[in-house]
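Peer 1: These are the residues of each chain, in order.
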Amino acid sequence: QKEVEQNSGPLSVPEGAIASLNCTYSDRGSQSFFWYRQYSGKSPELIMFIYSNGDKEDGRFTAQLNKASQYVSLLIRDSQPSDSATYLCAVGVPTGGGNKLTFGTGTQLKVEL
Amino acid sequence: SAVISQKPSRDICQRGTSLTIQCQVDSQVTMMFWYRQQPGQSLTLIATANQGSEATYESGFVIDKFPISRPNLTFSTLTVSNMSPEDSSIYLCSVRDRGGTEAFFGQGTRLTVV
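Going down the list, the sequences are from chains A and B. Be aware that the first sequence starts at 1, since it is given in my numbering, and climbs by one per residue. Be aware that the second sequence starts at 1001, since it is given in my numbering, and climbs by one per residue.
Treat the hints as calculated values from the structure; they're not laboratory data. All of these numbers come straight from a predicted model, not from anything done at the bench. All residues carry an ideal CB built from backbone N, CA and C; glycine is no exception. Hints may contain errors.
Claimed, not checked - Okay, the calculated bits of chain A under chain B, using three or more residues with CB under 8 angstroms as the criterion:
#1 43 to 50
#2 102 to 108
Claimed, not checked - Where chain A lies over chain B, by a calculated footprint (3+ residues, C-beta under 8 angstroms):
#3 1041 to 1047
#4 1102 to 1108
Same shape as in the complex, but just chain A (with noise of 0.2 angstroms):
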């Protein structure tokens, strides 16, 4: 079975501080890596990728991949309460017609004023 685990939360953080969110899977043959932000009642939308290890900033967000590992973070920096949603992680494994992304159940982030 092949899994993506993260800690379903709450993750409660102060209105300014770093949020960091952490992903763990099992499949080595991943080679893609997706951070979603879900509000309640909408659909996920995509926040960051990262392919290489290393990390990969954008804005206040920053991604981290260790493949030796199998972890993959989310950083958020100067957290707004805007930042209050489930954020998904996601792991792509190339199949014959593309990638396939398996989901983890989400980690619930709560930014407070």
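Add chain B to chain A, keeping to what the hints say.
Peer 2: Coordinates of chain B only, in the frame set by chain A:
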């Protein structure tokens, strides 16, 4: 990124009936997928909609229950057949741009079976 229109956005259906969900994309895309998200849970892939051929179903999902069509590179439908309350869920269409690996989602269809 592709603009994805999914309809209906929600529906309440009687058990034993069927509902067809449509997904329309504003550009040609290589891959289209259908996911289910049950209350409080993450996304589960139902099937990959293949253009011009039968869909590829994931373990636990069968064509008789979830028939899928994909007549061209911009449109797909998912039918939830002979519905029961256990089918109450959000159904999401997802696409990947030609040559890309990033997946984008439609706004979802919230289905309640009574």
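Peer 1: Confirm or reject each hint.
Peer 2: Cross-check of the supplied hints:
1. Beta-carbon proximity to chain B at under 8 angstroms applies to 5 residues in the stretch 43 to 50 of chain A; the threshold of 3 is reached and the given coverage holds.
2. Beta-carbon proximity to chain B at under 8 angstroms applies to 5 residues in the stretch 102 to 108 of chain A; the threshold of 3 is reached and the given coverage holds.
3. A count of 5 residues in the stretch 1041 to 1047 of chain B with a Cβ less than 8 angstroms from any Cβ of chain A is obtained; the coverage claim is therefore met, three being the minimum.
4. Under the rule that three or more residues need a Cβ within less than 8 angstroms of chain A, the assignment of the stretch 1102 to 1108 of chain B holds, with 7 such residues.
Violation of the numbered hints given earlier is absent; every hint is satisfied by the structure.
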